[in-house]
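Q: Read off the chains here:
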Amino acid sequence: MSRSLKKGPYVDFKTYRKVEKLNQMDKHEPIKTWARSCTIVPEFVGHTFLVHNGRSFLNVFVTEDMVGHKLGEFSLTRQFRSHTTGTKAQRAASR
Amino acid sequence: MPRIAGSEIPDNKPTRIALTYLFGIGPKFSADICEELKLDPQARAKELNEDQLAAIAGLLESKYIIEGTLRRQIQQDIARLRDIRCYRGDRHRRGLPVRGQRTQTNARTRKGRKKTVAGKKSVKGMK
Numbered sequence: 001m002s003r004s005l006k007k008g009p010y011v012d013f014k015t016y017r018k019v020e021k022l023n024q025m026d027k028h029e030p031i032k033t034w035a036r037s038c039t040i041v042p043e044f045v046g047h048t049f050l051v052h053n054g055r056s057f058l059n060v061f062v063t064e065d066m067v068g069h070k071l072g073e074f075s076l077t078r079q080f081r082s083h084t085t086g087t088k089a090q091r092a093a094s095r
Numbered sequence: 001m002p003r004i005a006g007s008e009i010p011d012n013k014p015t016r017i018a019l020t021y022l023f024g025i026g027p028k029f030s031a032d033i034c035e036e037l038k039l040d041p042q043a044r045a046k047e048l049n050e051d052q053l054a055a056i057a058g059l060l061e062s063k064y065i066i067e068g069t070l071r072r073q074i075q076q077d078i079a080r081l082r083d084i085r086c087y088r089g090d091r092h093r094r095g096l097p098v099r100g101q102r103t104q105t106n107a108r109t110r111k112g113r114k115k116t117v118a119g120k121k122s123v124k125g126m127k
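Heads up: the protein sequence lines correspond to chains A and B, in order. Residues in the first sequence are numbered consecutively from 1, following the numbering used here. Residues in the second sequence are numbered consecutively from 1, following the numbering used here.
Don't take every hint at face value.
[What the hints assert, rightly or not] For the chain B half of the interface with chain A, some residues (derived, Cβ under 10 angstroms), not all of them:
1) R80
2) I84
3) R85
4) C86
5) Y87
6) R88
7) G89
8) D90
9) R94
10) V117
[As the list claims (entries may be wrong)] If you anchor each label on the Cβ, the simulated ranges turn out as follows:
11) B/K28 x A/R55: 43 to 53 angstroms
12) B/N12 x A/G68: 40 to 50 angstroms
13) B/T103 x A/M1: 22 to 32 angstroms
14) A/Y16 x B/R82: 23 to 33 angstroms
Rather than coming from a laboratory, the hints here were simulated on the basis of the structure. Note that CB positions come from ideal geometry on N, CA and C, so glycine has one too.
Kindly produce the complete structure, drawing on both the sequences and the hints.
A: Next comes the structure, spelled out in structure tokens:
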């Protein structure tokens, strides 16, 4: 179920404040954040965020297309390193 | 056979059913169209006269997104998700379910036919 429109989009206040500050100073520097559930609002466009994925901070450069998505959508939390190929014997031989 | 929106040819089914043969028109929109144009939803599609067909075509043109236009729009929406490299775009790219379904089993619609992996034992064997 989607969020009630009455409430408006959820924006992490602290992150938003930081963005505002940077906008006022007309500066662009990465903002470190854990607020993965924070919606991207138009003010964020052009800023770089370092979004925590549970282990490290991933670079997320916000473009216009991303407005309306959440920061966490761009910082993947899972890593997949392809399945091994061949049989056990082949793998042992190539080692 | 009546022709609506290019080459779409619904047959001798009731109008409300025949219209759903168009991509982008389901039971709801079909009923809406019949309502708006005062068509008998139960009348067979072949009984529609020229004026009615023209009216349907005009309404589809102005109010609804159907067929190729709709298909293109869907593709564009997916392409957008891919381009901004978000999680959903990533799932589309990999051909896996997008809405958080399980993938250990099932998900065959997205993943396609089962690919048997040699040496992979029963579920118990995988830790």
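Q: All the hints need checking, so say for each whether the structure fits it.
A: Status of each hint after checking the structure:
no., hint, verdict
1, R80, "holds, 6 angstroms"
2, I84, "holds, 5 angstroms"
3, R85, "holds, 7 angstroms"
4, C86, "holds, 4 angstroms"
5, Y87, "holds, 5 angstroms"
6, R88, "holds, 7 angstroms"
7, G89, "holds, 9 angstroms"
8, D90, "holds, 7 angstroms"
9, R94, "holds, 9 angstroms"
10, V117, "holds, 7 angstroms"
11, B/K28 x A/R55: 43 to 53 angstroms, "holds, 46 angstroms"
12, B/N12 x A/G68: 40 to 50 angstroms, "holds, 45 angstroms"
13, B/T103 x A/M1: 22 to 32 angstroms, "holds, 23 angstroms"
14, A/Y16 x B/R82: 23 to 33 angstroms, "holds, 28 angstroms"
The structure shown violates none of the earlier numbered hints.
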